[in-house]
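*Asks:* Please arrange chain B on chain C, whose structure you already have, making use of the hints.
As you go down the protein sequences, you meet chains C and B in turn.
All the letters of the first sequence, read from the start, carry residue numbers 149 to 396 under the numbering used here.
All the letters of the second sequence, read from the start, carry residue numbers 2 to 443 under the numbering used here.
Hints in this document: simulated from the structure, not taken from any laboratory.
Mixed in with the good hints, there may be bad ones.
Computed footprint of chain B on chain C, listed as stretches where at least three residues anywhere in the stretch have a Cβ under 8 Å from a Cβ of chain B [as the list claims (entries may be wrong)]: (1) 234-246; (2) 303-309.
Chain C is nowhere near these chain B residues, computed Cβ spacing over 10 Å in every case [to be verified]: (3) ALA113; (4) ARG125; (5) HIS137; (6) MET248; (7) ALA312; (8) CYS394.
The beta-carbon is built from N, C-alpha and C at its ideal position, and this holds for glycine as well.
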Amino acid sequence: MLSVPARWPVRVRQRLLLAMLLLPALSGAEVAGETAQAAPPADVPAHAPAQHWSFKGPFGHFDLAAVQRGYAVFAGVCASCHSLTQVQFSDFGGIGLTQEQVAALAASWQVAAGQDAEGHLRHRKATPDDALPRPYADTDAARAANRGAVPPDLSRITQVYPGGADRVYALLTGYTAAKNSLTAAGAETHAALPEMGFATLMPSGTAPPCRRRCGTMPCCMRMVPSPPRSRKRGMSQPFWRGFPAACG
Amino acid sequence: MPFIVKHDNTVLYGVLDAVSGRGEGEWMADTPACQQHAQSVPETVAGAGRGSTVQGHTGPAPTARAFVRDYMAFLLPRDLNVLWTIGAMLVAVLALMLLSGLTLALTYTPDATLAFSSVETLDRRVPFGWLLRSLHMTGASFFMAALYLHVFRGLCYGSYRAPRQGLWNVGTVLLILVMVTAFTGYVLPWGQMSYWGADVAGKAVGAIPLVGNLLERVFLGGDAPGTATLHRMFVLHFTLAFTIVGMVMLHVAVLHARGSTSPSGTAGQERARMLPFHPYFTVKDGLGVVVLAILFTLVMCFWPGLVTEAANYRPANPLHTPADIEPEWYFLPFYGMLQAVPSKFFGLLVSGGAVAILLFVPWLDRGTSAIFAAGRWGGLKWLPRLALAGLVCAFVVAGLAGRHHVQGGWLLAGRVATLGYYLYFLGFLPFYSRFARKEVRS
Numbered sequence: 149m150l151s152v153p154a155r156w157p158v159r160v161r162q163r164l165l166l167a168m169l170l171l172p173a174l175s176g177a178e179v180a181g182e183t184a185q186a187a188p189p190a191d192v193p194a195h196a197p198a199q200h201w202s203f204k205g206p207f208g209h210f211d212l213a214a215v216q217r218g219y220a221v222f223a224g225v226c227a228s229c230h231s232l233t234q235v236q237f238s239d240f241g242g243i244g245l246t247q248e249q250v251a252a253l254a255a256s257w258q259v260a261a262g263q264d265a266e267g268h269l270r271h272r273k274a275t276p277d278d279a280l281p282r283p284y285a286d287t288d289a290a291r292a293a294n295r296g297a298v299p300p301d302l303s304r305i306t307q308v309y310p311g312g313a314d315r316v317y318a319l320l321t322g323y324t325a326a327k328n329s330l331t332a333a334g335a336e337t338h339a340a341l342p343e344m345g346f347a348t349l350m351p352s353g354t355a356p357p358c359r360r361r362c363g364t365m366p367c368c369m370r371m372v373p374s375p376p377r378s379r380k381r382g383m384s385q386p387f388w389r390g391f392p393a394a395c396g
Numbered sequence: 002m003p004f005i006v007k008h009d010n011t012v013l014y015g016v017l018d019a020v021s022g023r024g025e026g027e028w029m030a031d032t033p034a035c036q037q038h039a040q041s042v043p044e045t046v047a048g049a050g051r052g053s054t055v056q057g058h059t060g061p062a063p064t065a066r067a068f069v070r071d072y073m074a075f076l077l078p079r080d081l082n083v084l085w086t087i088g089a090m091l092v093a094v095l096a097l098m099l100l101s102g103l104t105l106a107l108t109y110t111p112d113a114t115l116a117f118s119s120v121e122t123l124d125r126r127v128p129f130g131w132l133l134r135s136l137h138m139t140g141a142s143f144f145m146a147a148l149y150l151h152v153f154r155g156l157c158y159g160s161y162r163a164p165r166q167g168l169w170n171v172g173t174v175l176l177i178l179v180m181v182t183a184f185t186g187y188v189l190p191w192g193q194m195s196y197w198g199a200d201v202a203g204k205a206v207g208a209i210p211l212v213g214n215l216l217e218r219v220f221l222g223g224d225a226p227g228t229a230t231l232h233r234m235f236v237l238h239f240t241l242a243f244t245i246v247g248m249v250m251l252h253v254a255v256l257h258a259r260g261s262t263s264p265s266g267t268a269g270q271e272r273a274r275m276l277p278f279h280p281y282f283t284v285k286d287g288l289g290v291v292v293l294a295i296l297f298t299l300v301m302c303f304w305p306g307l308v309t310e311a312a313n314y315r316p317a318n319p320l321h322t323p324a325d326i327e328p329e330w331y332f333l334p335f336y337g338m339l340q341a342v343p344s345k346f347f348g349l350l351v352s353g354g355a356v357a358i359l360l361f362v363p364w365l366d367r368g369t370s371a372i373f374a375a376g377r378w379g380g381l382k383w384l385p386r387l388a389l390a391g392l393v394c395a396f397v398v399a400g401l402a403g404r405h406h407v408q409g410g411w412l413l414a415g416r417v418a419t420l421g422y423y424l425y426f427l428g429f430l431p432f433y434s435r436f437a438r439k440e441v442r443s
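Extracted from the complex, chain C is given alone in its bound form (with noise of 0.2 Å):
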């Protein structure tokens, strides 16, 4: 109980002395034990150049002959390793397509119908209504497949993935040749990102074409796996002319 106000001052000093004793002993035992195992990732992945997105900023759109090409690209080289398992073939009503287009596409497409009578397994041509097929069974096929690395599904990859679009667009326009007999089997090396620091394997072949076609790509993964928040229908050219050919 204070009873006279001048004593005050003389509480507080202790209280203060008793504090400054206080923290730093408890600081100082914990800061030892933590220092040692919060060690930073030595390859902390660097910044990709910015790019000049039509959808970015809050007035941004989607160009969608490049998302529709974005779209060829992803049908023809991707797919084979990625998934985009939380897109349905209606949702590609939202690039552009009429839904004649979108039935059309979905029946170039395959999916698992269960087993027939002897326990094969049966396909039938995708409808509107279908998700996207998964290019392996599960994670252990891929990873079986790819050398031990599960290829990321796409469906929201420039959301998940620090960078975004950039990034996506770094990562796909920047392998080179392989240089030395270690690398070169089956992956190209990483030159505009050598310090990603993650195992990236590309089927080799893929490189050549992709850094003509797949600076589109990130517009692609951009588009379709996002919620059609800020869509507009800004198509600058009519149809894309090379579509067809990607889905037969």
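*Replies:* Okay, now just chain B, sitting in the frame of chain C:
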């Protein structure tokens, strides 16, 4: 215009009010104090028939009409500043959360294998599902931000002092309920942060001695988060939402019984300096809600990254622990305090106690508003402001420390912040009120 405000701060009630249906001067004469106003409800109900405009009116039952009239005529200090409109904003956001949440629940599936894709379906395919979900996510952040400001206002102006201890404690229970609801809601999308957030919370519960293991199993419904956890979280989230609505009603009812505080203390609560809720404060609160709605829309449409966590768009993976497990921003201060203490159980005590201590604030600060109005305490009027600024700083620094995982320098910062937070409640509040009281006596 039913009310005329004169220059000497008195209000003339000569005109028949459209809401009450009778002369306000008469009404004012019966009820000399705000507290009596709430107790005189039966009297006003009985008096409803006297109004000439009411008799010819065929509306809802007289009790409902009297209830609405009574609430609309509720007297509030005229000098309430913008911080007092936050209550109305909270009610508006709560209504929005309830409506959007009910609609989202039509699609959501609380199952570990289906929850993530059901949320993706909401975002991608359900008509306006993306809008509903954005509203709900942005609403959660805005609700917590407004709630923290509301609590800050209470601490700043001593809204917890007698006779409003009950009002403060109903509010603190509401805060706890809202925090639990926010946490359970964050688990539902079953992304990586949802899963590992539930995991961390389960382990924190498991740190309680003796009953911890049992509680953890009850909380998770198993050894690890899974479908059973989602069922629990969904049911809690759903039922707590309506519990909160009930508690808000109680909160408002107690407010009407006790009357509102004022930025100028007891002087502001004098009858002559009060104005009825309608139209004065309905207009003012309406403006507050509109300003909030503009801010809300800007954040939701143009800066959604502020309220969403990218890592939660990865589906939950029990085999892959993310490098950074961190809760939503509104739990970061408590997360920082949890980590600042070396022991798991004491960390839980400290971070849970940081909320629970608000329940004891009316008894930690024994001063009454009259004492604070009278006492100058050696001219140290600035001391409470300084202390409160220290509390806010401690809260923010604890949040930053939580965000940086209390490593290196942040460990010390987190500990100082935790100490500073508790020092305000256990050190400053009890002693300052004693000195203020002594100042009045001498």
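*Asks:* Each hint needs a verdict: does it hold in this structure or not?
*Replies:* So, going through the hints one by one against the coordinates:
Proximity of the region 234-246 of chain C to chain B, defined as three or more residues with a beta carbon under 8 Å from a beta carbon of that chain, is established by the 5 residues found. Requiring three or more residues with a Cβ within less than 8 Å of a Cβ of chain B, the coverage given for the region 303-309 of chain C holds, as 4 such residues are present. Here ALA113 (chain B) stays apart from chain C, with its beta-carbon at least about 16 Å from theirs, past the 10 Å limit. Under the 10 Å C-beta cut-off, the non-interface status given to ARG125 (chain B) relative to chain C is violated; the minimum distance is some 6 Å.
Once the 10 Å rule is applied to beta carbons, HIS137 (chain B) is consistent with being away from chain C; the minimum gap is 13 Å. Every Cβ of chain C is farther than 10 Å from the Cβ of MET248 (chain B); the closest lies at roughly 33 Å, confirming the non-interface assignment. Not every C-beta of chain C lies more than 10 Å from that of ALA312 (chain B), the closest at about 7 Å, which undercuts listing it as non-interface. Distance check for CYS394 (chain B) against chain C: the nearest CB is about 16 Å away, which clears 10 Å, and the non-interface claim stands.
The earlier numbered hints that this structure contradicts are 4, 7.
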